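**Student:** Use these hints to put chains B and C onto chain A, whose structure you have.
So you can see what is in the structure, the chains are spelled out below.
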Amino acid sequence: MTREELTAFVLEQVPDMKAGTNKQFPECIVSAEQINPLTKVLKKNPSTKMDYLFCETAADRNDGFHIVYHLSSSVHAHCLMLKVILTDKVNPSIPTVSDVWCAAEFYEREIFDLFGIRFENHPNLKRIFLEDDWVGYPLRKDYKDDFILER
Amino acid sequence: MYDFSPFIDSINSFFTSNFSPFWASVLLMLLLGIAILAFYAVLGLYLVYAERKICARMQNRIGPNRVGPLGLFQTIADLIKLLLKELIYIRNADGFLFNIAPFIVIVASIMAIGSIPFAKGLQAIDLNIGVLYILAISSMGVIGVLIAGWASNSKYSVIGAMRSGAQVISYELSVGLSLLCMIVFAGSMQLSDIITSQQDGWWLLKGHIPAFIAFVIYLIAGTAETNRGPFDLAEAESELTAGFHTEYSGIKFAFFFLAEYMNMFIIAAVATTIFLGGWLPFHIYNFTAFNNVMDYIPPVFWFFGKTAFIIYVMMWFKWTFPRLRIDQLLALEWKYLLPLNLLNLVLISFLTLMKWHF
Amino acid sequence: MEETLVDIDFKEKEEYIINMGPQHPSTHGVLRFETCLQGEKVKYIIPHCGYIHRGIEKMSESLTYPQLLHLTDRMDYLSAHINNEAVALCVENAMEVEVSDRVKYIRTILAELSRIASHQLWWSAFGMDLGALTTFFYGLRDREKILDIFEETTGSRLIQSFITPGGLMADIHPNFQRRVKEFITYFRKKLPEYDQLLTGNVIFRERTLGIGYMSKEDAIDYAVTGPSGRGSGFHCDVRKLAPYSAYPFVQFNEITYTEGDTYHRYLVRMKEMWESLNILEQLVDNIPQGEIMLNLKAIKAPKGEYYQRVETARGELGVYIVSDGAPTPARIKYRSPNFSNLFILNKVSANHKIADLVAISGSLDLVIPDIDR
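Chains as they are written, first to last, in the numbering used here: chain A, 1 to 151; chain B, 1 to 358; chain C, 1 to 373.
Please keep in mind that the hints were generated in silico from the structure rather than gathered at the bench. From a predicted model like this one, the values you see are computed outputs, not experimental measurements. Just so you know, even glycine gets a beta-carbon here, dropped at the ideal spot from N, CA and C. Some clues are possibly wrong.
[Said to hold, decoys possible] Covered by chain B, per the in silico footprint, the following chain C stretches (three or more residues, Cβ under 8 Å):
no.	region
1	22-29
2	122-130
3	157-167
4	204-216
5	224-232
Chain A extracted, bound-state conformation (with noise of 0.2 Å):
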C-alpha cells in the first residue's frame, strides 16, 4: 500500500487519528487506548499485515512522552510509523502491544527501564538492563544522579 492509502486505513480504524509530518514512513498519532485495538487490526488485516514490528520506542518531548511504534509487513514491504503522546509525565501509562508482537515485549521492557513507562497487561514488565533496586529512569529528561556531567 502506498503512503495515503496507509494513512486512510488507519483514519477509517481509528477516525480522530492525527497525520503526521515525517516524510520519511507515513505517520499516524493515535491515542492511548486505541493502539492494541488498532494494531491488532494492522496486523490481520491481509491488505496491511504489519505483522514485524522493527523499532519501538519513547522519546522525553516537551509536551509528553512519545512512544513511537515502526511497523513493517514481510508481505508488502510497506512501512508505518504510529505514535501515541502520553500527556502525563509523572505516572505515564499505555496499553501493551506485547500480546501482538512477541518483539514488543523486549522494547516495552527496556522503555519501562528507561523511561519508567508502565505498559498495562505486560507479562513480565520488570526493568532489563538496570538493576531492580535502581532509583529512577535515565532516560528522562529530568533525571539527576550523583555522577550524570552537566555541561
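**Tutor:** Positioned in the frame of chain A, the structure of chains B and C alone reads:
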C-alpha cells in the same frame, strides 16, 4: 637380542642375595615405585608438550617455543607454576572427598602402567590376567571423576561427572569386547603371551577384517574412555566451563590433567600390545634381509613408536572434530558399537575355531 | 552450612538452575542465561542482560553528531563500519544532503569487508562452541587480512570511526584497491577450506541439523533479523528492502533458507561470505572519483524525526533520531539487531540439551555490547 630379562634378573638376585626375603621385596617395590613414578612424570610432561606442539601444527601456530630449545622445558615450567599455586578451598565442598579425588584418578593410571610391557622383560608385573587387570584398574579412574564432581559442590561439576560416569561405563563395554576379540585370537590374557603369539605377525594384520574392525572400535571407545577428543563431554569447556575439575586448582588440577594424558598413553600402549605386536619389530613374511634390519631396532623404540603413532591419531581426532552431544554419544555406543562388537566377537570366535587366521 | 538463594529455589521447586554467564565461555561476553535443567535437558532459560549497559543513548544526548558517532563503534564492535554508516546516513538524510558516489562505494566496500570479518569471527567461535577448537585459528588467520586492510586505510583495526556524517574521515590508502583484490582471490581459495573443516563433518551435521527450529512466523514475530532470520525464510535483508549507499549499483542475492535450524543459519552466513566477495569484486575496480567529505557548515539535523535502517552482519540496525534542530539530538535510539535476536532463544532452545543451547546461541551470533548498548 635386546632382552631385558637378564638385567632385571640380576637386580632381583642382587636384592634376594643381600637381604632377607621380606626386605628384598620391600626394597624392590620401592625401587619399582620410584622408577614408575619418575617415568610417569617425565612421560606425562612430554605428552602435554607433544599435544601442544601437534595441536599448534594443526592450527597454524608454532606452539611453545620460549622455555628451552623448541620450548622443550615449557611444560616443566608450567608444572612448577602449578606446584606453587594456591590450593583454593571451596566453601561447602566435601573436604575429604574433594581432596582424595585427584589421587584416585592418578593412582588408577599409575597402577595400570605397572603391567605394560615396554620391551621383553621390561615389565613391572606380568600377571596372567594382564588385560583384565588393566581394564579393571583403568576404569577405577572414573570413581575419582565422579567423586570430584560430587564433592566440588558445583552444578557444572556434577553435570560433568554424571556425563563422565555414563560415558565411561558405556564405553568400557566396547573396550572390553574389542580386547576380548583379540584374546580369543591369542588364547591368553597374559600380556607377554599375547605378544609372543604375534611373533609371526601382528594381530591387526593376521586377523583379517574382524581384527581391523575391533581395532577401530577400540580406538573410538578408548578415546571416549579417556574423556578426550570428540568425546570430551565431561569437561566440555563451552558448555560446562571445565566439567568435573572446574573447582580444582594448583597441583590437584595438574593431577587430573596429567592423568588424562597418562590414560591416553595407557590406551595407546594396550592397543600397541594387543593389536600391533607390542615391542615386536615389523616383519614381512620370509623377507629375511628386511626382517634382520628391523630386528636391529631396539624393542623399546618399536613400542614407543607404535604408541606414539596411536597417540598422534587420538590427538588428531581431538583437534579436528567437533564434540558430540551426550545422547549421540550414548547412541553411538549402545546402538552401533556394541552390536557391531558382539557380531565381531562371534565372527572372530568362528575364525579361530576354523583356524582361518594366519 | 550457608544456603544460597539458588539452593532454596532448587529444594522448593525441584528445579536445577545453572547460571550460564556472566563469565562463561559460550556466551561470548557478559550475558547470563538463567538455565533451568531437567537432567541434560533445558526446560527454560531466562536471559539477563545489562552487564555491559553503558547508557550510550543517554550519553549521545549530550554529544554532537560527529561526537556521538564514536560511541556507535562500541555497540556492535564487529561491524563498527556499518554502525558508523547508519548514523552517518541518518544525519545526511535529515540534512537532505547526498554524498558523492566515491564515498558511497568506499562505504559499501568497508561495510562488506566488515561483514566478512564478522562472519569469519562468528565461524571461528561457532566451531569452538561445538568443541572444534581448530576453527578459531583458521578464521582468525583470514580475518587478520581484513584487519590489515582496515588498519592501512583507517588507522585502526577494530573500532574505526571512519565513516562520518558528510563523508569519510580520509581518503583510502593507495594500496587499498590492490589489497582488497588480493584478499578476494585469497579468500575465495580459503573458503572451501572452511567447508572441509566444519560444514561437511558428520558430527557437525548431527549436532546442528534439525536443532533449534525457528519458524518463519516466530522469526517475524520476535523481529529476528539478519542471517538468523533469513535461515527461517524471513526476507529481511535491508540491503534489498531499502537499498542504501552503493547497494543499488550492485548485483547480489539475498540468501534465505526455509528450514530454520541451526545448520541453515550457519549456511546462510557461509553463503553470505561468498555474496560479499561478489559485491566487493563488483565495486573495488569501479570506485569513481569525487569528494571525500561534503563541505558542510555545521552538522546538525533539522527539527524532526528520522529513521535509518541498515543491514549489519547480525541483522537490521535502526537509528532513530529525534531532533529539535540543536547540534545534539533530543533522543537517539539504536534498534540493535542482537537485542531482538536474543529473546527468541528461550523459545528455540526449550527441550533441547545443554550442548544444543550452546550451539543455538552460537548460531544466533550474539554480540553482547550491542544488546546492552
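**Student:** Next step is simple, just say for each hint if it's right about the structure.
**Tutor:** Structure-based check of each hint:
1. 22-29: holds (count 3)
2. 122-130: holds (count 4)
3. 157-167: Our answer is that it is violated, as 0 residues pass the Cβ test (under 8 Å) against chain B, missing three.
4. 204-216: holds (count 3)
5. 224-232: Result for this restraint: violated, n = 0.
Hints 3, 5 from the earlier list are contradicted by this structure; the remaining hints agree with it.
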